[in-house]
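Engineer: Each residue of the sequence shown is one higher than the last, beginning at 294 in my numbering.
No wet-lab data here; the hints were simulated from the structure. For clarity, every value in this text was computed on a predicted model and none was experimentally measured. Incorrect hints may appear among the rest.
Said to hold, decoys possible - Now the in silico label distances, taken between C-beta atoms and shown as ranges:
id: 1; residue 1: Pro399; residue 2: Tyr462; range: 27 to 33 Å
id: 2; residue 1: Phe296; residue 2: Arg472; range: 16 to 22 Å
id: 3; residue 1: Val310; residue 2: Leu452; range: 16 to 22 Å
Claimed, not checked - Under the rule of at most 30 Å between Cα atoms (straight-line distance), these lysine-lysine pairs were calculated in the DSS-like manner:
id: 4; residue 1: Lys443; residue 2: Lys396
id: 5; residue 1: Lys326; residue 2: Lys395
id: 6; residue 1: Lys444; residue 2: Lys396
id: 7; residue 1: Lys329; residue 2: Lys443
id: 8; residue 1: Lys360; residue 2: Lys392
id: 9; residue 1: Lys395; residue 2: Lys444
id: 10; residue 1: Lys444; residue 2: Lys360
id: 11; residue 1: Lys396; residue 2: Lys329
id: 12; residue 1: Lys323; residue 2: Lys395
id: 13; residue 1: Lys329; residue 2: Lys392
id: 14; residue 1: Lys326; residue 2: Lys396
id: 15; residue 1: Lys327; residue 2: Lys392
id: 16; residue 1: Lys332; residue 2: Lys396
id: 17; residue 1: Lys323; residue 2: Lys444
id: 18; residue 1: Lys443; residue 2: Lys395
id: 19; residue 1: Lys360; residue 2: Lys443
id: 20; residue 1: Lys444; residue 2: Lys332
id: 21; residue 1: Lys323; residue 2: Lys443
id: 22; residue 1: Lys395; residue 2: Lys327
Ideal Cβ placement from N, Cα and C applies to all residues, glycine included.
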Amino acid sequence: MTFTTQPELSSAITNLVNGLLAIFLLFALKGMKKEKEGKILWAISFVLFLISSFVGAVVHGFVLSDKTHEAIWIFLNFNLCLTLGAYSLCIWYETYGYKVTKKLIPIYVIVCLLSGYYNNFMADSYTSFIIFSVVCLLILLIILILNIRKKAYLAVFILAIIILAAGSYLQTLYSIRFRFILLFDNNGLYHIFLLVFALLNYLGILLSTRSDK
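Please build the complete structure, drawing on both the sequences and the hints.
Structural biologist: The following block contains the structure:
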């Protein structure tokens with residue numbers, strides 16, 4: 294199997310780092326004093342993030358046949374939609390608790406699977422996933438802002454989402470090229486923003502456990 298060249302290899306490495314971070318977050322979550330249902334929701338989100346990161350590392354890191362590349366991207370598109378949906382449910386949980394969130398679980402699962410299907414078999418570009426992401430993130434920002442006075446730690450999740458939105462926008466700028474040890478492009482930069490996004494969510498979870506005491 295042949296490795297890709299930079300900047301694709303840089304994207305693979307940053308994906309790998311994010312996957313390792315997801316493993317750390319899973320272990321850290323296990324030791325937190327948090328409601329069982331909340332732990333399960335966050336754990337699902339981190340596992341899906343881990344899968345996306347490691348599969349992304351394979352796609353960016355190795356030269357694959359067209360059929361293999363297409364098959365992996367079909368899986369990855371579904372997983373990305375489910376990851377965003379799982380994260381959305383985590384934010385609903387942090388904002389309104391599990392009683393409200395559990396009613397939304399089947400809705401998010403169905404919407405995410407339909408979005409993944411559309412992205413893979415009906416859309417001709419990545420634009421549909423970006424639109425899906427924007428809608429999901431706007432909904433999250435609205436509920437967080439509406440409740441920030443009741444729970445001040447929600448501000449950390451707001452910052453995390455803003456970071457993710459900024460990274461997502463930069464990912465659409467295909468002309469981005471810069472060197473920091475390795476040569477990076479828009480994808481590698483996006484993965485760095487994802488790293489910050491994940492760490493901010495970890496901080497938000499920590500603050501939520503202290504708030505619950």
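Engineer: Is the hinted pair Lys326 and Lys396 satisfied, with a Cα-Cα distance of at most 30 Å?
Structural biologist: 24 Å, holds
Engineer: Run the distance test for Lys329 versus Lys392: straight-line Cα separation, threshold 30 Å.
Structural biologist: 13 Å, holds
Engineer: When you check the alpha-carbon spacing of Lys444 and Lys332, does it fall within 30 Å?
Structural biologist: 19 Å, holds
Engineer: Given the hinted pair Lys443 and Lys396, is their alpha-carbon gap at most 30 Å?
Structural biologist: Distance of about 22 Å is within 30 Å: holds.
Engineer: Decide if the proposed pair is consistent with the structure: Lys444 and Lys360, CA atoms, cutoff 30 Å inclusive.
Structural biologist: 48 Å, violated
Engineer: Check the following: the C-beta atoms of Phe296 and Arg472 are separated by a distance inside 16 to 22 Å.
Structural biologist: Check passed, 19 Å falls within 16 to 22 Å.
Engineer: Can you confirm whether the C-alpha distance between Lys329 and Lys443 stays at or below 30 Å?
Structural biologist: 22 Å, holds
Engineer: For the pair we were handed, Lys323 and Lys395, check the Cα-Cα distance against 30 Å.
Structural biologist: 21 Å, holds
Engineer: Checking one constraint from the list: CA of Lys323 to CA of Lys444, max 30 Å. Satisfied?
Structural biologist: Answer holds: Lys323 to Lys444 is near 23 Å, not above 30 Å.
Engineer: For a C-alpha distance cap of 30 Å, please report whether Lys395 and Lys327 respect it.
Structural biologist: 17 Å, holds
Engineer: Please verify whether Lys444 and Lys396 have alpha carbons no more than 30 Å apart.
Structural biologist: 22 Å, holds
Engineer: For the pair supplied as a hint, Lys360 and Lys392, is the alpha-carbon distance within the 30 Å limit?
Structural biologist: 44 Å, violated
Comparing the model with each numbered hint stated earlier shows that hints 8, 10 and 19 do not hold.
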